[in-house]
Amino acid sequence: MAYLELDRVAKQFGAQTVVDDFSLSVGKGEFISFLGPSGCGKTTTLQMIAGFLDPTRGAIRLEGKDLTAIHPAKRGLGIVFQSYALFPHMSAAENVAFGLEMRGVPRADRAERVRAALAMVGLAGYEDRHPRRMSGGQQQRVALARALVIKPSVLLLDEPLSNLDAKLREEMQIELRQIQRTIGTTTILVTHDQNEAMSLSDRIVVMSQGRIEQIGTPQETYEKPASAFVSQFLGKTNDFAGSIDRTATPPRLVAGSWSAPAPAGLNGAITVSIRPERIGFGEAGLSAKIVTRIFQGNHWLFQCESECGPAIVIRQNDGTAQPAEGEAVRLAWRPEDMSVRARASA
Amino acid sequence: MSAVAEERNARAPWALTAPALMLFIGVLLIPLAMTVMLSFHDWGQYKGIEPVFILKNWREIATDPYYAEMFWRTFRIAILTTLLTALLGAPEAYILNRMSGRWKSFFLLVILGPLLISVVARTLGWALLFGGNNGLVNKLLMSLGVIHSPIPFMFTETGMVVALAHVMMPFMVLSVWAALQRLDPQIENAAMSLGAGPITIIRRIIMPQIMPGVLSGAIIVFSLSASAFATPAIIGGRRLKVAATLAYDEFLNTLNWPLGAAVATLLLIALVLIVIGSNALIERRYAEVFR
Ligand SMILES: Nc1ncnc2c1ncn2[C@@H]1O[C@H](COP(=O)(O)OP(=O)(O)O)[C@@H](O)[C@H]1O
Ligand SMILES: [Mg+2]
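Protein chains in written order, with numbering that gives the first Met the number 0: chain A, 0 to 345; chain B, 0 to 290.
Please keep in mind that the hints were generated in silico from the structure rather than gathered at the bench.
Beta carbons: idealized from backbone N, C-alpha and C, even for Gly.
Some clues are possibly wrong.
To be verified - Only pairs whose alpha carbons sit at most 20 Å apart, straight line, appear in this in silico SDA-like list of lysine to any residue: (1) K73/A - T199/B; (2) K73/A - R203/B; (3) K73/A - P151/A; (4) K73/A - L280/B; (5) K73/A - P197/B.
What the hints assert, rightly or not - Here are a few chain B residues that sit away from chain A, every Cβ distance over 10 Å (derived from the structure): (6) A14; (7) P18; (8) R75; (9) E91; (10) N96; (11) N137; (12) L140; (13) S148; (14) Q180; (15) A190; (16) S192; (17) I204; (18) L270; (19) S277.
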């Protein structure tokens, strides 16, 4: 049975629908990311789970119980805010102790758990520091310890790493993942950074304009994007216009001069989506001309002009000779590497 | 950069601030120094002001209990006014801050609007409502039989505190408002998610953070109330004097300028000491919140 369940949840502000038809089942101990561009409704969804906003429609259940009927102060969820929202007038230890105090944990017990929580996030010895005297990364850790010390049923993280610089962000990602693995708390992370979502989560919920575009493992969403939006949002991709000819025997999928046996189901105009690192230069295939060739150390990046429009190709720098700029090439790929979806024919 | 240019650069700030500095010295420091000097001069009914250096005025203020009582009254009124504005103004600012868009700007205007109206007009308003038998509210309450004699308002300290608090309220609200703007917008949600109820949130999270705002508002209100003239003059007249109205009387009615100058100087010194002292205390106490 699902641990946390969102059932056709929707949120409207006045006439504006910000989240619509949002259904998701989260398993116990799972790490889920809400991924999408700014303004697509990620925070709104998270705040509905937290209870700071009421859903306009739909139900949210935790272990089968209706969560929306419970006051936010009683939900027992751990939340890390984008701004951290630490209490500036309290020391790190007092910040972390606050939730335990509200739960009536005895003083001695409290001190021990606060110390352990701060140690877990690598802040042993910082108990008496005030937030304003800590770096962004340290504040982030205090916020995490404060949310985790109450042993929340679900941990909600709203863009927790977006205020950190790139190097620190990477470190915190690894640490966050390790902590979550160790204590096994069900976690929902909101982010607009596809790398963050892919490296941290068990499953990604890709969102656009308040709707779910796709739910899947990082690999699934990257390699089998369900929509043009997903394939564009998760890294670089090539979209080629093609068509499926069912009259031929056997039926074939054609994109320019590239063709393959047609997959089942689709017919007529289609879009072929293929990642740049899955395209190779071959004898047959889409004919193209190399416009620019950029050397990037461990790989080469080619920008080509193909018969189906612009194309990007990435080749590992494995020592073999690579085509030069201006050279005519044929682009080929394995049918199982592409994803095919219907295209509204022009 | 050459040494000449560097020197010119070093002088530039002085040259640029010179006009303002001169104005400051001309209209503030010089008259102030003259007032202090004046307080050491002698005065007589028939001989007028004598430019000598004596401690007569200061000795009179120090020994005559009339002045002690008057200064004590001045500060008592200022303290009560400050307490009243803090007690009403801080919740007012908090509620205002929680209102949504249109209502917020409307009520902000209602609170700040009075700043545009002369203090005299506003104080006279109170006098019209509560002043003696003819005060509107008094007449109404008496005709309704709620009270039998008019509520004493004119020439009372209570009246002065109420009228002053009304005049000073915008300063307190603005000061607390500014402190509220510095709050993290999610701070209440953070406390709530940790299990805190509304009362706990206000007491443990909001209050400690807006306290510096309340205290700096209190300093403004206190110093303005202690040196206020118009409101005490209208409500207290010449019957219930405070330091400012006393100094005014000495200058313009008794014509004893040196004594008036001594009262004014003492008021200034007391205020400066109180303000600097409490400011230092606040900054030390709330170092973590200010940083
Ligand atoms: N309280 C609100 N009132 C009206 N519109 C809101 C409110 N909160 C958010 N929105 C709108 O909802 C949309 C989604 O916001 P949000 O959930 O914060 O997006 P995200 O977190 O994905 O960037 C935005 O267009 C935003 O303007
Ligand atoms: Mg957001």
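Query raised in the report: Looking at the structure, which of the earlier hints fail to hold?
Result: Hint check: 4, 15, 16, 17 fail, others pass.
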